[in-house]
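Q: Here are the chains, one letter per residue:
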Amino acid sequence: MKNQTETNTFDAIVVGSGISGGWAAKELTEGGLKTLVLERGGKVEHVTGYTTAFLNPWDFKNRKHLTNKELEERPVQSSHCNAADKHFYVNDKEHPYIQVDPFKWIRGYQVGGRSLTWGRQSYRLSDLDFEANKKDGYGVDWPIRYADLAQWYDYVEDYVGISGSSESIAHLPDGIFLPPIPLNAIEQHLKQKVKEHYSDRVIINGRVANLTQPKKGRGPCMYRNLCSRGCPFAGYFSSNSATLIDAQETGNLTLRANSIVKEVLYDAKTKRAIGIKIIDAISKEEQTFYAKLIFLNASAIATAAILLNSVSPSFPNGLGNSSQQVGHNLMDHIVNEGTYGTFDGLLDKYYEGRSPGTIYIPRFQNINKQTQNPDFVRGYGIQGKGERENWESKATQGFGASLKAQLQTPGKWTISLGGRGEVLPNYENKISLDTQNLDQWGLPLVKVHFKYGDNELAMMEHMTKSSEEILTKAGFKNVGSYRTSPPPGSAVHEMGTARMGNDPKTSVLNKYNQMHDVKNVFITDGSCMTSSACQNPSLTYMALTVRACRYAIDQLKSNQI
Amino acid sequence: MNRRKAIGGILALTGIGIATYTGFNLFYVKSRKGQLHDYKNLVSALVDVIIPATETPGAKQANVQDFVINYMESCSSVKEYNNFFDGLIDLQETCISTYGSNFEKCTLQQQVAIVKDLDSTYEGSGLFSKIRNKISGRPFYTILKALTVEGYCTSELGATQHLVYEPIPARYKAITTIQPNQKAWATK
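Chains as they are written, first to last, in the numbering used here: chain C, 1 to 561; chain G, 562 to 749.
Same shape as in the complex, but just chain C:
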């Protein structure tokens, strides 16, 4: 029995191996802690696990299309995956949840999680974001400011490798950048026209975690633009290609795949979490692991579900939930379907290689008095991409040799723009557990309640109109938008379900991502976000994770936890 307990006991346990879990694994193992990483999905080895990475279009029997059977298995995920990367997205039938309101919960149950398929856009938050709740009264105040996080952004960016340009925009701070992915001819044109027509907005190179130069033995990017299949060149950052490898090299890492976390165990005497009970995904047997320190990085919805399922006499409503905020304040980013336009000129210009990057229009509403918008608070950014039409998008005439000739030549230049807007924290947007409906492992299904408010809808209308106006002013033709919004969750930026705050009565985590109620539990995935800002959030999760890990290690070493 003694041996059994010993092999089940670690200094730290990290739940989840996605983008924030990978960082927790790296920082805790490098800090000398024997660390167990629990991942509910199967193993994906760097390089050899990327089974479709080198396949050509014709190697797929149905090209990129999912079969009807695959669509049936993935009614939710299918909007976000194709035949080449579907294995990195869950089978919805095997992993059901309940949409009380429409909400896409896009998931990747495997080692590396969604760090394999993420959009790689990486932007810092600023004090415009950290002070927003306090200023306009939505949600609770963030317990940190930009100055608390700046050095950790530096640290993370330097390790990850973010390509981008320094722009001196106060509300979108510059970082440690590799050379940016350059703009192509149409993107340059748009940048110039925006400069001519607007004083309040600017087009910048998108900041992406693709390596324009080699970094720590990884990369550089080969410009294949097949990132979501996993990159054998480690051309972009993922847990698999970077943090988990460094964690492994310390000798302190134990990675257990196929381990579904059932609950966090709590000891009322010491007021500490003592371990984690898992269900083996394959054998369905339960097993318990013990540690002095626990990091939850299962992603916002899953982490909240674990807390809500961890009930004890001390916490009948879920671990660390004395505030009654666990599972609440669920946010995503509101996105529109996009605005498109074609351009008649620049036909002598083309490009070589396929850019994995984008252009970006940083937030330009409600920055200051001049940009105050009467219809909504906060703001949105716009991502975009320019390219020449090819066979996929070109309108062709006729058939035979003339059709072939049309297919063979590059088409018109096009630009597509898509807004990403801030969603306000709202207690009614939440996840809860349905104890009457259990999954195949006997765990209660997650129920998602989510509705956009007037602020989000006004913002969406504005992002569509302003995108159309920008393209029209820049001389684009056939400018139009799909006047619909994909269901909430489509941005795959779910967050906010265990928010940080100064007051234990209204928040779950303190300024170090430490549970107010349970001092040896830290949460550094999207759950912790007090507001959503409008920037793609992964970079912030990573910086918060490193900061929390350093603090936790200090606390552990000084016997504070």
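A couple of the hints might just be wrong.
Stated by the list, open to error - Covered stretches of chain G (chain C as the covering partner; in silico rule of three or more C-beta atoms under 8 Å from a C-beta of chain C):
#, region
1, 612-618
2, 621-635
3, 648-662
4, 689-700
5, 704-715
These are calculated hints, taken from the structure and not from any lab test. We treat Cβ as the ideally placed atom computed from N, Cα and C, and that holds for glycine.
Got chain C; can you put chain G on it based on the hints?
A: Positioned in the frame of chain C, the structure of chain G alone reads:
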């Protein structure tokens, strides 16, 4: 073929008609999947008229027929499958009544004439066709042309000989000057 299209078109012109037609489709459309492999010669001949061999290989040599059939059997909706299947049958009927022979056996001139007739009905991206397609699925020729183009441009011969395919560019030159006879990239 024209008769069936006409009925769909007339029904679709009135709001009530659309609802009735849709209701009918939703409740009574049966899957007839599994039959297209028997029509491989016909599909091969059709795709090769749409994309014939020129100085680069044609669709048939690029095995586009296999993709068209695989897609229709495994990926298409039941509605579109039926539109496609009925389209093939109607096409053969037209060939036999007009030329006394099935499409595969027609002369190239006859085949081209038949496809030209079909192509004149091709509906690209008009609002009306978009709404109609959402309700009843794309019509036969629209499906055939779209799959032929996709299948060819993503085939090994189409992508590497008719277009330019680079599996590992290893560079990104954001602005280049187009060369004489510049071919389009096969992939984005």
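Q: At least three residues with a C-beta closer than 8 Å to a C-beta of chain C: is that true for the region 704-715 of chain G?
A: Since 7 is at least three, the answer is holds.
Q: Counting residues of the region 689-700 of chain G with a beta carbon closer than 8 Å to any beta carbon of chain C, are there 3 or more?
A: violated (count 0)
Q: So is the region 612-618 of chain G in contact with chain C by the C-beta rule, three or more residues under 8 Å, or is the coverage claim wrong?
A: holds (count 4)
Q: Tell me if chain C covers the region 648-662 of chain G under the three-residue, 8 Å CB rule, please?
A: violated (count 0)
Q: Quick one: see if chain C covers the region 621-635 of chain G, three-plus residues with Cβ-Cβ under 8 Å.
A: holds (count 4)
Checked against the numbered hints listed earlier, the structure breaks hints 3, 4; every other hint is satisfied.
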